[in-house]
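The residues making up each chain are set out below.
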Amino acid sequence: MAEAAIELVGINKSFGTVHANRDINLVIERGSILGIVGENGAGKSTLMSILYGFYQADSGEIKVGGRPASIRTPNDAIALGIGMVHQHFMLVQNFTVIENIILGAENEALLKRSIANARSELERLEREYGLEVDPDAIIEELPVGLQQRVEILKALYRGADILILDEPTGVLTPAEADHLFRILGQLKEQGKTIVLITHKLREIMAITETVAVMRQGTIVATRKTSDTTVEELAELMVGRRVLLRVEKGAAKPAGVKLSVSNLTVRDSRGVTMVKDVSFDVRAGEIVGIAGVAGNGQSELLEAISGIRRAASGTVLLDGKPIDVTGHVDPGELRDRGLAHVPEDRHHVGLVLAFEESENSILGYHDKPQYLKGPFLDLDAIRADAREKIAKFDIRPPNDRLKTANFSGGNQQKIVLAREMEQDPGVLVVGQPTRGVDVGAIEFIHKQLIAMRDSGKAVLLVSVELDEIRSLSDRILVMFDGRIVGERTPDATEGELGLLMAGVEKQEAAE
Amino acid sequence: MSSPYTKLPAWADYGLIPLINLVVAFAVAGLVVLLVGENPLRAAIILVDGAFGSGNGLAYTLYYATNFIFTGLAVAVAFHCGLFNIGGEGQAYIAGLGVALVCLAFDHVLPWWLTFPLAILGAAAFGALWALIPAWLQAKRGSHIVITTIMFNFIAASVMVYMLVDVLKPLGSMAPQTRQFVEGGQLPKLGWMLAEFGLKVRPSAPLNLSFLLALLMAFVVWILIWRTRLGYEIRTMGFSPKAARYAGISEARIIIITMLISGALAGMMALNPIMGDQHNVSLDFVSGAGFVGIAVALMGRSHPAGIVPAAILFGMLYQGGAELAFEMPNISRDMIVIIQGLVILFAGALEHMFRPWVQAVFASFSPRSVGIGQPKKEAA
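Taken in sequence, the protein lines are chains R and Z.
If you're matching positions, the first sequence starts at 1 in the working numbering and goes up one per residue.
If you're matching positions, the second sequence starts at 1001 in the working numbering and goes up one per residue.
Watch out, some of these pointers could steer you wrong.
What the hints assert, rightly or not - Label-pair distances were calculated between CB atoms; the ranges are: (1) TRP1136/Z <-> ARG309/R: 46 to 54 Å; (2) ASN94/R <-> ILE1147/Z: 41 to 49 Å; (3) ILE1147/Z <-> ASN398/R: 40 to 48 Å; (4) GLY326/R <-> ARG1333/Z: 57 to 65 Å.
Stated by the list, open to error - Sample of chain Z residues at the chain R side, in silico, Cβ under 7 Å: (5) GLN1177; (6) ARG1227; (7) ARG1229; (8) TYR1232.
These are computed hints drawn from the structure, not numbers from a lab.
We put the CB at the ideal spot given by N, CA and C, even for glycine.
Use the sequences and the hints to build the structure in full.
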């Protein structure tokens, strides 16, 4: 057995009554890749935050390189050779690569010498690990894959021997993810230790040597990756058997419900994000839009659901036009039977400070059944909310609880319950399972299939390729604002991945 | 995973923390009193006794509180929409014109109980109108409401000087104010209510019917914000403009309506000094009540049930402070302003200074009382 790079002994951490980490014992071998999987709230991030000095453990011991270490701040962690690549990059968007790399590690008031030092060091790192990136490029002009590389370089520049990566592939195309894995492999060859936190089981299988599964604050199992299966890991994470692929019958598409033609949408900076997009969604089918985040899917959804004004194009709902380029009101679209589950449930789909029952009428608050004249009919609203809670198994079943206190999966169920229970003809759904745990994903997928089977038209946008493939009856791939291809759900991941990377249109962005 | 957080029980959030803030404010104020060579304890006794110790004192305290309830509610309603209405001062000042218009026209003709509803409408309409322009600029042009309402305070001050000096001043009068209203423009005093409790109140003590109007408005605001569809839309906008857009709520419409309500509430403040006490409109009759309203709304957490006591607290500072300045010659009016400033500083601006500390204490004593986020057991 190889030497331990990090050893965690009996780590405990509580927040109020929440026991986020309970008696964690974990050995991370030097020069290995360890995966940590678990549902949201299982305690993965807390554990890594303790290791990186964001939190202090209530009890327990951390040993780095065999010696007990006290890690009180991220600086302590860095000094011990621990580096972290965050899920949301910590980069200054309008700085160059090299400026970002020396940020916080400048040696003196004047930058000239620090930058010169950093440049030669960077060249060495690039040679050693194959991490090419132009040191003078501005961060916001780089694709996300390269931005992530800068994050890794930042950690290495600070002398990291142990790299923690938190959900590193959430924003990457399959090809970029593969490239990242190659880099991680190279780092491992050079003796670095890597900890990968993810909820994508396939990645764990592809790259790790050991995998630790967390559930409700404890490590429930540690397995050699070669000795386990995706199914076993999923079961360990949730504590029961999970259907990873939804079972569904063949679609019975009927007439066109939603018809989009030549739609062009600009974002708030005036950049054209959706370019001349046309497609139809029929009753009784799920049309999935695949693509890497940021290729115009969000703007497309917003334009169709009336939140963002389109620059040009037409959208027909049940054959009648929606005024997408003029004064379109989401409330009017709801009346016409178009429901929208937005991508960003925290800021758009819900008001987190509201009680659950208040959120269960958001957007439908002007329906007569919830009102008595100008007053809210609180009894009716709460009874209605309790009905939805029961039907969608929202937990805890408390319609007076503040929405922020529900877990991600249950928050999403609040949104879905609200939108689905109004019996819309068309359901537009963005990232239905982002930040949602495996158990709830299964439930949400079943609900979407049930919508389809009851003859509704469903437009699904997701960056999770698995989700698109298992739910959709037709898959449209979006790249750089255009629909670059339509495929059936039996298209291979590789084929879709190439489309998502825009390979048919231009050289891969590698 | 979402970052864990602690939540205090409601009584600590709404009772304990404001109390701590207040105690600290008074402790620091006590140091200032000590610096000028007076006994802080005696000063505190004079302050509280001056405000609550006699029928007259109480009548003055509640009279000042009336002003602050109106302006505090005005700020609170805007807060719920995510708007910071700094313009209560100017809106109340301009509303004085509305009151003057009604009183000057009808005080000889109508009894007070007919003039009063008209004057309420006049005050509300003028206050709302003064808020409308900044609201429109915010809603349609994106001009920041804080800047525009501050500017409108200055414009209001200039307009009122012009109106009082050049338009409303009776011929031959030396004072820049309207003529005295006769009985039809005078509100009944409420001293008798205090007298019912055995307190002695001079007939000239200014507490008047507007106080009851202020309490009524506090109730109306509560209904509006938490029980009506409009209030639901206002709160949605205040918490998340994106969610409001998603819900089909027109941002421009809600901003304008909210500011009209806010301006109307601020405007009603003018009734209290004008119809209730002075029976004329004079220069600078608002005298800072619009700004105190900001502190009152902050301290009262934008909830009417918090605003009314906070307004009474500030009424106490005004009235008790006047007594203090009278009793202790070393303590000038300016010292009172310092004390008021300290209360505003600790209760308003530094509202959350002691929160982490209180939370830590609570967490160590009884983790159960603060841990609200249950372990996120997903169950589908």
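That 40 to 48 Å hint for ILE1147/Z and ASN398/R (C-beta), does it hold up? holds, 42 Å
Can you tell me whether the CB distance of GLY326/R to ARG1333/Z sits inside 57 to 65 Å? Holds: the Cβ-Cβ distance is about 59 Å, inside 57 to 65 Å.
ARG1227/Z was flagged as interface toward chain R. Is the shortest Cβ-Cβ separation under 7 Å? holds, 5 Å
Is it true that ASN94/R and ILE1147/Z lie within 41 to 49 Å of each other by Cβ? Given range 41 to 49 Å: violated, Cβ gap about 27 Å.
Taking the least C-beta to C-beta distance, is ARG1229/Z closer than 7 Å to chain R? holds, 6 Å
Proposed interface contact between GLN1177/Z and chain R, which counts if any beta carbon pair is under 7 Å: With Cβ-Cβ at 40 Å, over 7 Å, it is violated.
Min Cβ distance, TYR1232/Z to chain R: is it shorter than 7 Å? holds, 6 Å
Taking 46 to 54 Å as the stated bounds, is the beta-carbon spacing between TRP1136/Z and ARG309/R within them? violated, 21 Å
Hints 1, 2 and 5 from the earlier list are contradicted by this structure; the remaining hints agree with it.
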